[in-house]
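Read top to bottom, the protein sequences are chains H and W.
Position 347 (the first sequence) corresponds to 347 in the working numbering; numbering is contiguous.
Position 95 (the second sequence) corresponds to 1095 in the working numbering; numbering is contiguous.
Hints in this document: simulated from the structure, not taken from any laboratory.
Yeah, the Cβ is synthetic: ideal placement off N, Cα and C, and Gly gets one too.
Treat the hints with caution; some may be incorrect.
[Said to hold, decoys possible] Across the chosen pairs, the derived CB separations fall in these ranges: (1) 410/H to 1072/W: 55 to 61 Å; (2) 417/H to 1185/W: 46 to 52 Å; (3) 432/H to 1222/W: 42 to 48 Å; (4) 311/H to 1222/W: 29 to 35 Å; (5) 1214/W to 256/H: 51 to 57 Å; (6) 255/H to 1013/W: 26 to 32 Å; (7) 1013/W to 264/H: 24 to 30 Å; (8) 258/H to 1134/W: 24 to 30 Å; (9) 1173/W to 352/H: 37 to 43 Å; (10) 1108/W to 311/H: 24 to 30 Å; (11) 256/H to 1072/W: 40 to 46 Å; (12) 1223/W to 255/H: 30 to 36 Å; (13) 258/H to 1027/W: 25 to 31 Å.
[Unchecked claim] Rough simulated footprint, nothing fancy, chain H against chain W, three-plus residues with beta-carbon under 8 Å: (14) 1013-1020; (15) 1103-1112; (16) 1145-1158; (17) 1207-1217.
[As the list claims (entries may be wrong)] Computed list of lysine-lysine pairs in DSSO-like fashion (alpha-carbon distance at most 30 Å, straight line): (18) 404/H to 1083/W; (19) 354/H to 1215/W; (20) 111/H to 55/H.
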Amino acid sequence: MRGSLGLLGRLFAILLLTVLLEFAVGTLIYERSSQLYLQDDEARRLAEHLVIARKLLTEQPPEDRRLLGLQLTTDRYDIHWSAAAPPPPPLSPELERMRRQIIAWEPSLEKSGLWLRLTPGRHSEVNGGLRLPDGSWLYFGMPHGGGKWAFTIGRMGLALIPVLALLLAGWVLIRRTLAPLRDLTHATHRIGRGSEVIVPEAGTSDVRNLISAFNAMQARIHRLINERTETLAAVGHDLRTPLARLQLRLEEVRDSDIRDAMGDDLEEMGAMLESLLAFLGGEKDPEPVVRTDIAVSIATVVDAFQDHGRDVSYDGPDHLEMEVRGLSLRRAVRNLIENALHYGHRARVSLLRKDDEVLIRVDDDGPGIPRERLEEVLRPFSRLDDARQRNTRGLGLGLAIVQKAVAAERGQLTLANRPEGGLRAEICLYLPRSATRG
Amino acid sequence: MTAPSIILVEDDPPLRTLTARALQEHGYQVRPASSGPEMWVAFDAGPVDLVVLDVMLPGTNGIDLCRQIRRKSDVPIIFISAKGSETDRIVGLELGADDYLPKPFGTRELIARIRAILRRVGVERGPDEHRESEAHFDGWSVNFPRRELRSPTGAIVDLTGAEFDLLGSFLSHPQRVIARERLIELSRTRMGDSSDRSIDVLVSRLRRKLSTQEKGAPITTVRGVGYMFNAEVSRA
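With the hints as extra help, turn the sequences into a complete structure.
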């Protein structure tokens, strides 16, 4: 789709052009033929009138003819008789056709020296004369055309109605034909944001083919991703058994320094596996939404850190109940605190409710994140530590897991450097209605 | 008293050997089994005090085995799983397993859990106190198999293992003063040996979690003696 017109606009423009062209040509031809018909009609009526006038005049003695001429004059036809010879007939080529038509209708007028002339002016008039058998002349006049245009415009307006109806029908039909394509476009936007989007096969055969090809492609992509995810998860699970063996064999290591170091390594490997499985999981085995006291959950996480001697504090209400996936939310808060402790020395966790928003904040006193990398750190496997200068544990999935957990709650995760130094990670959750206690 | 007998069902041979050895070193008699049928043979070999059961087994899996065991016996069961998913844990506990241990685990952790369960069975599971599943007080409800506490409005309230055991101890001695030392002994199950946290910290945390806007927690301090749980407890 190029420009702002789109496929629908373009097809409609084609339809518009075709219909208008057809209308213009059709009208032209119709007008022309109806004009000819009108002229024909005009000539016929004139011919009949002339034949009668001629016959009547011929039958009258010459002294009564002038009076009879007046009597024969109607609103339309002006008839008078003259014994005088006519002026030489001027050339009126535009009326030649009319003259021929008159003669065609009344061949008896052929030999009467019929001539026609157009008097110019606002109300143009056709004048003419014809010779009576005794050599005297009959002169006549009648208005020419007139009032034709108003009539024509009215008729054209009438003719436009079916054209407009046609255009409307065309618009509706094109829209309907293109609807499956529009669905396909919407579906394409939704792909890759969770579940598979199957587009119903509809429309013309080409569109059907396109949609079925699209669905097949999508299925392939999903299968590929699922296979990878399952493989990674299976490896993760399978690694736990040898890890468990190592853990048990650790007891046999006599040297306590080596044992402690190996214990740390094993713990780290276990944590890596856990974070990997947490990141991969959730799709096949989604956690149900359960009403949970998130204030207690957060306080419990904070308590655990305090028990391990870490400087973590909680500031907020004792209770706040919400419908959430408690386990993944707890993991998210734990990950944020771990990050805070990794880059800083302490973590200040706070929970507050603002109208329909619930904000979980984790502030640290670390160096913060350079503004240009704020987005990058949310990506899986990204790490802030350059060149592994610091002792980095884990796979770099911490924030990606938080991001996933928060997205599942339709909340928002924001990272921002605090003006007084340090980073603030904020999870914003939305309450459906007033659904809290305490 | 003879050494407690444990049946260990684990399909990975090295892990089975290692775990068995670790248990033996801590004074337990171990009957290892690699699958369901072997487990039933081990059951027939003599009295059993506890079963350590891997969830993922060839043939009949651990979940089904647990269900089959429960039809016949109340022997304590500890699940071991490489999956570590929450659904696994809850399914296991609901089927009547007593604990759930994700792989990898250390010897100390395994032994602590086994000891805790054996002690709990010995102390709490008297002849009439038989595997209760729920208790209620002041609108709160406690689900023992799932180890879950729900608020009067039905929300899950997170408790650590130690906090849950402490609450369990209170619930089995309602409206009676419990001496601090006795409480420590009763609640020791979860605290294991890793962090011997002061019982007072545990009590204060539990109090905070059980308090509501309208009402404080039903735990009162009896100066110089211990604590008392001040609520009527109904059990189901």
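Hints versus structure:
For residue 410/H paired with residue 1072/W, a C-beta distance near 47 Å fails the hint of 55 to 61 Å. Between residue 417/H and residue 1185/W the beta carbon distance is about 50 Å. The supplied range of 46 to 52 Å therefore holds. For residue 432/H paired with residue 1222/W, a C-beta distance near 43 Å keeps the hint of 42 to 48 Å intact. Take residue 311/H and residue 1222/W: their Cβ atoms lie about 34 Å apart, and the range 29 to 35 Å holds.
Distance hint check for residue 1214/W and residue 256/H: the Cβ-Cβ separation is about 53 Å, which falls inside the suggested range of 51 to 57 Å. For residue 255/H and residue 1013/W, the Cβ-Cβ distance of about 27 Å falls inside the hinted range of 26 to 32 Å, so the restraint holds. The hinted range of 24 to 30 Å is satisfied by residue 1013/W and residue 264/H, whose Cβ atoms lie roughly 28 Å apart. Checking the proposed 24 to 30 Å range against residue 258/H and residue 1134/W shows it is violated: the Cβ atoms sit about 48 Å from each other.
In this structure, residue 1173/W and residue 352/H meet the distance hint of 37 to 43 Å, their C-beta atoms being roughly 38 Å apart. For the pair residue 1108/W and residue 311/H, the beta carbons lie near 27 Å from each other, so the given range of 24 to 30 Å is met. With their beta carbons about 45 Å apart, residue 256/H and residue 1072/W fall inside the hinted range of 40 to 46 Å. For residue 1223/W and residue 255/H, the hinted distance range of 30 to 36 Å is not satisfied, since their beta carbons lie about 49 Å from each other.
The hinted window of 25 to 31 Å between residue 258/H and residue 1027/W holds, with their beta carbons roughly 27 Å apart. For the region 1013-1020 of chain W, the stated coverage by chain H holds: 4 residues have a C-beta nearer than 8 Å to a C-beta of that chain, and at least 3 were required. As drawn, the region 1103-1112 of chain W meets chain H at 5 residues by the rule of a beta-carbon pair under 8 Å; at three or more, the given contact holds. Given a C-beta distance limit of less than 8 Å, the hint that chain H covers the region 1145-1158 of chain W holds, as 7 residues qualify and 3 suffice.
Coverage of the region 1207-1217 of chain W by chain H holds [criterion: at least 3 residues with CB-CB distance below 8 Å; count 5]. A distance of roughly 20 Å separates the Cα atoms of residue 404/H and residue 1083/W; the hinted pair therefore holds under the 30 Å criterion. A C-alpha spacing of about 25 Å is found between residue 354/H and residue 1215/W, which places the hinted pair at or below 30 Å, so the restraint holds. A C-alpha spacing of about 14 Å is found between residue 111/H and residue 55/H, which places the hinted pair at or below 30 Å, so the restraint holds.
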